[in-house]
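Please model the complete structure; the sequences and the hints are all you need to start from.
There are 4 protein chains.
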Amino acid sequence: MMNVVVWNENRHEQTNPKVREVYPEGIHGAIAGFLEQEFDVKTATLDEPEHGLTDEVLQETDVLVWWGHKAHDEVKDEIVEKVHKRVLEGMGLVVLHSGHFSKIFKKLMGTTCDLKWREADEKERLWVVAPSHPITDGIGEYIELEKEEMYGEHFDIPAPDELIFTSWFEGGEVFRSGCTYQRGNGRIFYFRPGHETYPTYYHPDIQRVIENGVNWVKPVDRKRPVYGNAKPIETIQPK
Amino acid sequence: MMNVVVWNENRHEQTNPKVREVYPEGIHGAIAGFLEQEFDVKTATLDEPEHGLTDEVLQETDVLVWWGHKAHDEVKDEIVEKVHKRVLEGMGLVVLHSGHFSKIFKKLMGTTCDLKWREADEKERLWVVAPSHPITDGIGEYIELEKEEMYGEHFDIPAPDELIFTSWFEGGEVFRSGCTYQRGNGRIFYFRPGHETYPTYYHPDIQRVIENGVNWVKPVDRKRPVYGNAKPIETIQPK
Amino acid sequence: MMNVVVWNENRHEQTNPKVREVYPEGIHGAIAGFLEQEFDVKTATLDEPEHGLTDEVLQETDVLVWWGHKAHDEVKDEIVEKVHKRVLEGMGLVVLHSGHFSKIFKKLMGTTCDLKWREADEKERLWVVAPSHPITDGIGEYIELEKEEMYGEHFDIPAPDELIFTSWFEGGEVFRSGCTYQRGNGRIFYFRPGHETYPTYYHPDIQRVIENGVNWVKPVDRKRPVYGNAKPIETIQPK
Amino acid sequence: MMNVVVWNENRHEQTNPKVREVYPEGIHGAIAGFLEQEFDVKTATLDEPEHGLTDEVLQETDVLVWWGHKAHDEVKDEIVEKVHKRVLEGMGLVVLHSGHFSKIFKKLMGTTCDLKWREADEKERLWVVAPSHPITDGIGEYIELEKEEMYGEHFDIPAPDELIFTSWFEGGEVFRSGCTYQRGNGRIFYFRPGHETYPTYYHPDIQRVIENGVNWVKPVDRKRPVYGNAKPIETIQPK
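Protein chains in written order, with the numbering used here: chain A, 55 to 293; chain B, 55 to 293; chain C, 55 to 293; chain D, 55 to 293.
There is no bait here: all hints are sound.
Listed below are the simulated DMTMM-like cross-link pairs for lysine to aspartate or glutamate, each with C-alpha atoms no more than 20 angstroms apart in a straight line:
{"#": "1", "chain 1": "C", "residue 1": "K130", "chain 2": "B", "residue 2": "D131"}
{"#": "2", "chain 1": "B", "residue 1": "K161", "chain 2": "C", "residue 2": "D168"}
{"#": "3", "chain 1": "C", "residue 1": "K285", "chain 2": "B", "residue 2": "D168"}
{"#": "4", "chain 1": "D", "residue 1": "K157", "chain 2": "A", "residue 2": "D131"}
{"#": "5", "chain 1": "A", "residue 1": "K293", "chain 2": "D", "residue 2": "E200"}
{"#": "6", "chain 1": "B", "residue 1": "K160", "chain 2": "C", "residue 2": "E132"}
{"#": "7", "chain 1": "B", "residue 1": "K157", "chain 2": "C", "residue 2": "E132"}
{"#": "8", "chain 1": "C", "residue 1": "K160", "chain 2": "B", "residue 2": "E143"}
{"#": "9", "chain 1": "D", "residue 1": "K293", "chain 2": "A", "residue 2": "E200"}
{"#": "10", "chain 1": "C", "residue 1": "K177", "chain 2": "D", "residue 2": "E288"}
{"#": "11", "chain 1": "D", "residue 1": "K157", "chain 2": "A", "residue 2": "E132"}
{"#": "12", "chain 1": "D", "residue 1": "K161", "chain 2": "A", "residue 2": "D131"}
{"#": "13", "chain 1": "A", "residue 1": "K157", "chain 2": "A", "residue 2": "D101"}
{"#": "14", "chain 1": "A", "residue 1": "K277", "chain 2": "D", "residue 2": "D168"}
{"#": "15", "chain 1": "B", "residue 1": "K96", "chain 2": "B", "residue 2": "E110"}
{"#": "16", "chain 1": "C", "residue 1": "K285", "chain 2": "D", "residue 2": "E195"}
{"#": "17", "chain 1": "C", "residue 1": "K293", "chain 2": "B", "residue 2": "E198"}
If you are wondering where the hints come from, they were derived from the structure by calculation, not from laboratory data.
Values in this document were obtained by computation on a predicted structure and should not be read as measured data.
This is how it looks when you write it as structure tokens:
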């Protein structure tokens with residue numbers, strides 16, 4: 055059974071009663087809640103020692119789910135380095151919503167990961183554009199969310215290896231809202247929805263996509279390739 | 055359990071004693087032999103009625119594995135159309151070796167799928183270039199085949215959605231020898247090795263890659279999207 | 055100076071007074087009109103002998119622009135074959151709007167190229183998602199069209215090599231409306247807008263994108279690669 | 055006319071007589087020498103103040119060509135940040151050979167950019183795998199270099215947006231040796247050959263590819279997109 059760690063900044067929950075009302079167990083608690091049916095799930099949060107991501111935890115983690123927003127800067131660079139190394143070694147990474155601006159996502163992408171945004175209780179409709187992709191398994195033509203924060207293009211990311219969802223927003227924007235990447239031995243899935251004041255993570259289709267995403271990023275059974283100086287396999291002719 | 059059909063032209067086996075010696079059960083028999091450990095496998099061949107690919111068979115097939123070479127032209131267009139339709143509906147397709155020139159592969163690719171080739175008992179080394187991909191699960195840095203037919207660039211295919219293996223050939227060429235594509239609701243994996251006079255399909259790593267490939271192309275649980283005239287979901291303002 | 059041929063079905067213009075009013079010189083005439091400032095432009099239409107695409111014309115054409123809709127089936131298969139061959143040889147192809155269902159585009163894509171559609175005088179906004187791409191040169195963050203036909207996902211195409219524009223539609227859909235592909239030695243640009251009853255091809259930004267697209271698909275100076283049996287470049291050891 | 059800056063570490067030239075003999079004007083001098091026929095070219099080197107990359111220089115640079123090897127660590131982080139920002143703003147970047155390990159390339163890629171390597175006077179043959187790409191304009195089926203350093207897979211980079219060349223090495227390896235990327239408003243071309251002790255940059259085909267690469271990464275005429283909080287374009291209904 056796969057080991058999944060759901061990491062959450064867990065700050066809005068402490069300071070905003072509205073968020074606490076929507077997610078009384080924290081966003082991490084809500085996500086862990088539905089992932090537990092299929093995976094061995096732990097949670098970790100910013101204010102734990104080493105943000106709950108000790109070497110032991112990281113070593114045993116198959117897939118890390120990441121939600122952060124207002125305290126990206128408080129995540130220590132050394133922890134980011136360790137997570138980065140583990141992703142390249144094969145640990146899967148699912149980055150949710152405002153995690154687009156996390157240090158780890160920006161480091162893996164190499165771009166600013168900036169975007170347009172707006173909080174206006176507006177409708178989002180996520181259209182499936184890759185119907186052959188396992189991340190869309192069990193999902194209809196689109197997922198509709200009555201109220202969400204808007205994220206709009208241009209989203210400053212590398213063109214995704216695979217574009218899975220594209221969002222329509224009531225206010226007139228579009229967004230590449232489901233994107234996969236492969237980096238080193240690791241796999242990454244970015245999924246847009248999940249503003250802290252909306253009950254998005256209770257939506258069955260959103261839960262299904264996250265479950266599918268966790269399965270999609272699961273580590274492949276192989277070591278990192280050998281890098282560095284290499285002896286020839288074939289005879290090289292003197293010239 | 056997934057239903058896999060291994061389709062083989064099965065002509066070299068009838069006319070070339072060397073091939074019959076290497077593959078006494080036919081190439082389809084050899085491939086079915088190792089896939090049976092994991093999947094529910096049937097075989098089908100060119101000279102059966104409807105090439106063994108009746109509507110019933112196609113409807114029940116999750117993944118079709120295709121080997122053909124000298125008789126591509128004898129595959130009936132109507133069967134090709136049916137296979138094409140089934141791939142777009144979600145049936146997985148694994149195309150092996152000289153299947154690059156099959157009608158179904160050319161139709162799905164939209165290009166000539168031509169290449170350089172040579173039969174000279176030469177060494178092939180397939181390097182993994184996508185170490186995070188499930189198709190490489192359990193495979194080392196490369197697979198070495200002592201004797202194989204050479205296929206060389208330029209390989210006239212669309213740039214693959216994912217490039218998994220690149221081959222080095224003793225005679226001086228390279229080749230994109232493991233390629234994935236997504237078309238409609240279906241997934242396709244092209245894998246180069248497997249000339250009929252060599253025991254390539256008994257190689258454990260080659261078997262592993264084909265097994266991994268069958269798993270990778272497995273159908274997603276979703277209907278074809280709805281196409282055609284569509285009513286608006288939102289109100290359109292008169293202008 | 056590049057030789058551009060603008061091909062138009064030119065049927066709506068004969069039967070629908072509204073279309074004739076919007077495009078008195080035909081859609082081909084309107085497109086040729088603005089391309090002439092930069093290229094050597096000819097036009098060709100369905101009802102000309104060989105649809106105006108004789109061997110001589112095709113041989114001299116650097117870039118072919120294609121608009122068709124209601125008479126795709128009347129385009130002769132032999133002409134489609136010739137155009138296909140020329141694209142693989144390097145002739146650029148710009149496919150506009152309802153050309154998504156043309157024989158040549160479907161043959162090059164290998165899929166149905168189907169989509170959702172609706173004629174409801176609705177607003178379209180094409181967002182730039184690839185701001186580094188030459189096809190977006192001189193274009194702002196988006197192009198807004200007050201009234202257009204809707205095309206909605208799922209668009210049954212291979213994932214584009216590059217996704218340039220994504221459309222937002224008033225009625226609630228999104229669409230990958232600017233897509234590039236490379237096939238053989240040739241380059242292809244699909245661009246969505248241009249329903250026959252709207253003055254879309256007079257819009258300066260739409261004209262700019264089509265000009266940029268023609269430049270982007272321009273042929274590279276190289277022969278088709280050599281295919282077929284190949285002598286070894288290096289010595290192959292006896293085994 | 056485009057402004058091109060050729061940046062070179064310029065250290066091997068100072069310490070290794072063999073390198074000085076091959077490149078008496080420095081590697082930057084050799085590259086600037088052939089680019090001058092088409093572009094307005096300046097050079098910059100590590101030991102100049104701010105490595106020759108002042109704000110003024112960077113602001114006026116359309117395309118930056120980068121060669122570095124043994125002193126990557128001496129490139130100041132603040133200069134790397136400025137170059138990174140300029141690439142995302144649209145400045146083209148051509149990274150050559152051992153520049154794969156430069157800070158700027160690693161930062162843009164988000165991976166280690168590690169690889170296998172060997173100095174053994176061995177033959178390299180770069181095969182064109184994207185014959186429709188402008189970077190291959192005027193180049194035959196392959197470029198052969200009698201003696202080069204070997205770089206072998208796995209090359210720890212994101213899958214390139216476009217794979218242009220794949221190298222065959224005498225010692226048995228392959229390598230993705232011509233790769234394009236788009237990041238923000240900028241375009242990047244990585245090209246493998248050019249070990250300091252070989253006269254690679256005098257080879258006419260290598261020069262042609264670099265010229266083509268400089269043209270391919272040239273900036274698009276557009277501003278950076280607007281990021282951050284955005285007002286709705288359409289009316290949002292109260293819910």
